[in-house]
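**Q** Residue numbers (the working numbering), protein chains in the order written: chain A, 12 to 326; chain B, 12 to 326.
Any given hint could turn out to be false.
As the list claims (entries may be wrong) - Stretches of chain A that chain B covers, calculated by requiring three or more beta carbons in the stretch to come under 8 angstroms of a beta carbon on chain B:
# : region
1 : 122 to 135
2 : 160 to 166
3 : 173 to 185
4 : 191 to 198
5 : 291 to 303
If you are wondering where the hints come from, they were derived from the structure by calculation, not from laboratory data.
Don't be surprised by glycine CBs; every beta carbon is placed ideally from N, CA and C.
Protein chains: 2
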Amino acid sequence: MEKMRIAVLGAGGLGKACLEVAAKKKEVKVVAMCDSNGFLYSEKTIRPEALKRFNPSRDPIGEIIKLKEKFDGIFVALPNLPNEFIPSVVKRFITSGYGGVYTCALKRTSAIKLMMKLDPGLKRNKSVYIAGCGATPGLLSAAAVLAAQSFIDIEDVNIWWGVGISNWDAYRATVREDIAHLPGYTVSKAKKMTDEEVESLLNKTDGRLKLHKMEHADDILLKKAGIVDSLDRVSVGGVMDTRHAEKPVSTTMTLTGTTFEGKRSSHRFILGDETSMAANVIGPALGYMKRALWLKQHKIYGMFGSTEFMPIFTR
Amino acid sequence: MEKMRIAVLGAGGLGKACLEVAAKKKEVKVVAMCDSNGFLYSEKTIRPEALKRFNPSRDPIGEIIKLKEKFDGIFVALPNLPNEFIPSVVKRFITSGYGGVYTCALKRTSAIKLMMKLDPGLKRNKSVYIAGCGATPGLLSAAAVLAAQSFIDIEDVNIWWGVGISNWDAYRATVREDIAHLPGYTVSKAKKMTDEEVESLLNKTDGRLKLHKMEHADDILLKKAGIVDSLDRVSVGGVMDTRHAEKPVSTTMTLTGTTFEGKRSSHRFILGDETSMAANVIGPALGYMKRALWLKQHKIYGMFGSTEFMPIFTR
Numbered sequence: 012m013e014k015m016r017i018a019v020l021g022a023g024g025l026g027k028a029c030l031e032v033a034a035k036k037k038e039v040k041v042v043a044m045c046d047s048n049g050f051l052y053s054e055k056t057i058r059p060e061a062l063k064r065f066n067p068s069r070d071p072i073g074e075i076i077k078l079k080e081k082f083d084g085i086f087v088a089l090p091n092l093p094n095e096f097i098p099s100v101v102k103r104f105i106t107s108g109y110g111g112v113y114t115c116a117l118k119r120t121s122a123i124k125l126m127m128k129l130d131p132g133l134k135r136n137k138s139v140y141i142a143g144c145g146a147t148p149g150l151l152s153a154a155a156v157l158a159a160q161s162f163i164d165i166e167d168v169n170i171w172w173g174v175g176i177s178n179w180d181a182y183r184a185t186v187r188e189d190i191a192h193l194p195g196y197t198v199s200k201a202k203k204m205t206d207e208e209v210e211s212l213l214n215k216t217d218g219r220l221k222l223h224k225m226e227h228a229d230d231i232l233l234k235k236a237g238i239v240d241s242l243d244r245v246s247v248g249g250v251m252d253t254r255h256a257e258k259p260v261s262t263t264m265t266l267t268g269t270t271f272e273g274k275r276s277s278h279r280f281i282l283g284d285e286t287s288m289a290a291n292v293i294g295p296a297l298g299y300m301k302r303a304l305w306l307k308q309h310k311i312y313g314m315f316g317s318t319e320f321m322p323i324f325t326r
Numbered sequence: 012m013e014k015m016r017i018a019v020l021g022a023g024g025l026g027k028a029c030l031e032v033a034a035k036k037k038e039v040k041v042v043a044m045c046d047s048n049g050f051l052y053s054e055k056t057i058r059p060e061a062l063k064r065f066n067p068s069r070d071p072i073g074e075i076i077k078l079k080e081k082f083d084g085i086f087v088a089l090p091n092l093p094n095e096f097i098p099s100v101v102k103r104f105i106t107s108g109y110g111g112v113y114t115c116a117l118k119r120t121s122a123i124k125l126m127m128k129l130d131p132g133l134k135r136n137k138s139v140y141i142a143g144c145g146a147t148p149g150l151l152s153a154a155a156v157l158a159a160q161s162f163i164d165i166e167d168v169n170i171w172w173g174v175g176i177s178n179w180d181a182y183r184a185t186v187r188e189d190i191a192h193l194p195g196y197t198v199s200k201a202k203k204m205t206d207e208e209v210e211s212l213l214n215k216t217d218g219r220l221k222l223h224k225m226e227h228a229d230d231i232l233l234k235k236a237g238i239v240d241s242l243d244r245v246s247v248g249g250v251m252d253t254r255h256a257e258k259p260v261s262t263t264m265t266l267t268g269t270t271f272e273g274k275r276s277s278h279r280f281i282l283g284d285e286t287s288m289a290a291n292v293i294g295p296a297l298g299y300m301k302r303a304l305w306l307k308q309h310k311i312y313g314m315f316g317s318t319e320f321m322p323i324f325t326r
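Next comes chain A alone, as it looks inside the complex (with noise of 0.2 angstroms):
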């Protein structure tokens, strides 16, 4: 069987993740990739070592889009800020005539609302598009679509991450998103932060960022599959420690409801400490990439959320 040809835009914490998971992976390989300053294009594969060889661009996007019809799937791992930023890219490949499939792992419920706009245009190349499928909204909403099976009613879905990183620096783009649902913060505003800023404010903390109520693609992933009625029964927050690798709560979703005897009861998912946060975005966002694959070969196209399928676990 051909191996699933990947392009990976963006060169952060995720996209380096993503090469260095595909490289244990069999059924993977990842044959272009861009950043903000360049591009890579190889036919065999791109290695971990090669992230220095980029070929400087002044439109890294655009020499992706030539690149087309040389990879199966876009994993789209570039940060979202603003919000509009991965719609406008994705835009870009519908306009090209690109008939492959995406995935990504946008967090932000107004981000997946922009996306949801794209139905048509990725219908009409015959593409498929699944958002969402990191971690939170991914691995964990979906957990909460298989644990809703039981019950009549669900009252709600609880969402409680726990992130250790050594050091922040490896995932500038994604601690900044997050201070940017921090009360009195932005997504613009933690966009514009240096990093002496951002360290000072995790200085305040003892290098723990705690959010609550998170603005989270969850709820309207949820809503899509028709587990909640509104927003508001989906709630996602957590602990980031940037100065410790190991976590500092286990990563769980609690999903209430009532059966049909009457019983309120609640169905966990917890993810083991030993897992990272790229382990648990990765993972999914490949598995959901195989499943688009099977989507487009079953002629089935458009967009969709990740609480609507199951990944396809990639060797």
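Following the hints, put chain B in place on chain A, whose structure we already have.
**A** Same frame as chain A, now just chain B:
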């Protein structure tokens, strides 16, 4: 949107529970049902009270087959003793040309292997069968497919269930199926036991049955989904308390693997203690029925396992 019309084969614990769950769901109605002695059809819906009003018949399955244009899907809630019973019943429907969908809550690996042979006939009829859609296999093995996404290598999957039933009379066939897993017992031996012999066995262990390394189709369905290479990587066992409604242990699926960073870890999916076996079997079975109808609508036919798809929540 039209309600999903269902025929239920079997009126034991699972069949009756299906009526009760369907009564609380707007999208579902049970229009046909049979047991070993009779059958019932009602275009409006069959309520739990209607069980007393079955029409006697020497071939209840044959009567349901005559009604095959009147329902969209079949829930096979028959006791599968012997192992070939359910496959033989499904073959009758296939031979009749029934073009709808099916789900079941079959549990044994050997039974699912027999079911898989029915794929060609189902495809010819443009029919869809999703097998093993209960709790285990079903909800818990589907959770294992999600959990697997974070890992490069899967070490093993363990399912340890806890069931409490206030008295075993309501689940006679299920308890006998569990006894069949005990050392020294077989499927045929368990089928032949009288109620008194079952009671006597249960008295020796304070009403508790503790089962290890059960023959459970979670193994073959997880292999089919590419999660494990060999069946012995999956183990299913548990504790049934036949004298108390409360679960003796919390039902837990644990998947252990190694991530791309070389970290060994386990994800867990834990069912709420207040959720009964019925809720955790019938809920998923109806969700997978809705998925089966989706597959048929998209011209994807044949025999599948619950590990291959995400159920669709039914309201």
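**Q** Evaluate each hint against the coordinates.
**A** Hints, one by one, checked against the model:
Using a Cβ-Cβ cut-off of 8 angstroms, 0 residues of the region 122 to 135 of chain A lie near chain B, which falls short of the minimum of three, so the contact claim is violated. With 4 residues bearing a CB less than 8 angstroms from a CB of chain B, the region 160 to 166 of chain A meets the requirement of three and the coverage assertion stands. Counting residues of the region 173 to 185 of chain A whose CB lies closer than 8 angstroms to any CB of chain B gives 0, which falls below the minimum of 3, so the coverage claim is violated. For the region 191 to 198 of chain A, the assignment as covered by chain B is violated, since 0 residues bring a beta-carbon within under 8 angstroms of that chain's beta-carbons and 3 are needed.
With 6 residues carrying a beta carbon less than 8 angstroms from a beta carbon of chain B, the region 291 to 303 of chain A meets the three-residue requirement, and the given coverage holds.
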